[in-house]
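Peer 1: Chain by chain, the residues:
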Amino acid sequence: MAVLVLADHDGSAVTQPTRSAVAAASKLGDVTVLVLGPRAAAESATKVAGVAKVLHTEDALYTNGLAEPLAALLVSMASEYSHLLAPASAAGKNVMPRVAALLDVQVISDIAGVVDADTFVRPIYAGNALATVKSADPKKVITVRAASFDPAAAEGGSAAVEAAPKGEDPGLSSFLGAEIVKSERPELTAAKIVISGGRAMGSSENFHIIESVADKLGAAVGASRAAVDAGYAPNDHQVGQTGKIVAPELYIAVGISGAIQHLAGMKDSKVIVAINKDEEAPIFSVADYGLVGDLFKVMPEFEAELAKK
Amino acid sequence: MPARGAGGNINSTQETAEAMKLLVPVKRVVDYNVKVRVKADGTGVETANVKMSMNPFDEIAVEEAVRLKEKGAATEIIAVSAGPTACQEQIRTALAMGADRGILIEHDGILEPLAVAKLLKAVIAKESPDLVILGKQAIDDDMNATGQMLAALLGWPQGTYASKVEPADGGIKVTREVDGGLERLQLKLPAIVTTDLRLNEPRYASLPNIMKARKKPIETLKPADLGVDVSPRLTVLKVEEPPKRQAGKKVGSVQELVEKLRNEAKVI
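If you read the sequences in order, they're chains L and S. Under the working numbering, the letters of the first sequence match residues 1 to 309, in that order. Under the working numbering, the letters of the second sequence match residues 1 to 268, in that order.
Each hint should be verified, as a subset may be incorrect.
Which residues of chain S face chain L? A partial, calculated answer using Cβ under 7 Å [unchecked claim]: (1) Asp31; (2) Asn33; (3) Val36; (4) Lys39; (5) Ala145; (6) Gln148; (7) Leu153; (8) Lys164; (9) Glu177; (10) Gly181; (11) Pro242; (12) Val258.
Computed cross-link-like contacts, PhoX-like style, restricted to lysine-lysine with a CA-CA straight-line distance of at most 20 Å [claimed, not checked]: (13) L:Lys216 - S:Lys260; (14) S:Lys249 - L:Lys270; (15) S:Lys51 - S:Lys35.
Stretch-level coverage of chain L by chain S, calculated; a stretch enters the list once three of its residues show a Cβ under 8 Å from a Cβ in chain S [said to hold, decoys possible]: (16) 49-61; (17) 64-70; (18) 135-141; (19) 161-174; (20) 222-235.
By construction, these hints were calculated from the structure, which means they are not laboratory data. Ideal Cβ placement from N, Cα and C applies to all residues, glycine included.
Produce the entire structure from the sequences given, and follow the hints as far as they go.
Peer 2: The structure is reproduced here in structure tokens:
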């Protein structure tokens, strides 16, 4: 039986976490991707390696990702699929449990591994333990931790696009507006390099020190929960178990002590650098390279050194 | 408040002062300060003799309910917990924070989000709340599911990951934390809201309020009383520790750091 992946996209292409979900789905069956939005995003999905079919609609009902109509649509399509997956993004985590309950199955959230068609590995207790769970449900509804699956290649596929079915509007909620920050920097969960600041940054103005280095490196900017709670960085910058889970090639933690819940969000990064003036900070216990020093002195030097050569 | 299920004909006036009845589910979990240990036999994590507390996101949910009541937007707050008898402690905490009464759905053994959602649906059928506020996820199983599943079973709208909740136009306006920023939704009532970290900072219960909470009523029910089958759908085959990361080396200078990143790690 085929497997359905609900895509996230940025208006022109499906996101990297979506391609990670495709990679997970490919272990389970022939992959159909559902794209709700502009045609260009659906076209991008046809090229993703391992995608057999793309279903597409530009129906305005789904433009803002309201959970109620979206869940109704997925449920109406579910009979043709053994598994329904989505990346564990804000959108995926919002809708998939709703879909699961409507199908009377237990959602399997944030999987980090596929053992077989019924069995999955998922982190629990903020990533301090990994549980292997086997589902007895006839159909599986799953969200996928993108950092745990190498994304399917963006090019190489040649799937056909078909029209997605039409769904009903339950009319329970309406979209009022959004404040989405458009950034030139890469998306946190897709960036090759992430540089994050902690409470030691001291103010939102001081985050410029980090942003400036990020721009030199082509990096995304993240933050610890402490920095977000203090108002130094916006909420969607938060890296950690309750924020974004990232696994870039290089993660640079600046003025971050390394609370368990932060480590849960970044410890799968390939190379970790910690810069902190407290040499006892727990972040050093997971760092490949640690530099003890005052970030306000170190970061300008770091930026200057990057500019050399 | 309009009758539940009255869908379209909600008064769209400023008279949101018509107060709501609130239901707040609270979960008993290993305290967030405890470093959890995986059991040697791989069946789970050690919970014997470990400090247990209310799930932190549920504390935010209770706080939000109490604030709505203090503003005059709510009349009554019911705290509900499902699990072993000891969940009474977490219900008492909610009562000390300002909830009016409690309901314990007593059950020993695993309760998955789908089962909890079915239990809550049955309680809601009896209590008819206008708004249910839940934590967005529990810090033990990290499922992030009960609120959405409950909304589905009830056919109610959901406002997940809320950083702001305001009664508005006969319904509620919810500001949500999403990838890339914030979004605002208008929900019809009755509705489900799940809390994110920035919604509020929960209060500590005062000693007088802790004493007062002892006198507030807690009703005890069993899943069978509610006609709900709570059999788990997932079997835990094993629980293991994640691979440990080795601490690396300290570098002495920024020059050395950049040199290592360029030539040793080759990541810049």
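Peer 1: Next, verify each hint and record whether it holds.
Peer 2: Results for each hint:
| no. | hint | in the structure |
| --- | --- | --- |
| 1 | Asp31 | 12 Å, violated |
| 2 | Asn33 | 9 Å, violated |
| 3 | Val36 | 5 Å, holds |
| 4 | Lys39 | 9 Å, violated |
| 5 | Ala145 | 4 Å, holds |
| 6 | Gln148 | 4 Å, holds |
| 7 | Leu153 | 5 Å, holds |
| 8 | Lys164 | 12 Å, violated |
| 9 | Glu177 | 5 Å, holds |
| 10 | Gly181 | 4 Å, holds |
| 11 | Pro242 | 5 Å, holds |
| 12 | Val258 | 4 Å, holds |
| 13 | L:Lys216 - S:Lys260 | 17 Å, holds |
| 14 | S:Lys249 - L:Lys270 | 15 Å, holds |
| 15 | S:Lys51 - S:Lys35 | 10 Å, holds |
| 16 | 49-61 | violated (count 0) |
| 17 | 64-70 | holds (count 4) |
| 18 | 135-141 | holds (count 3) |
| 19 | 161-174 | holds (count 5) |
| 20 | 222-235 | holds (count 5) |
Violated hints, in rising order: 1, 2, 4, 8 and 16; the structure is consistent with all others.
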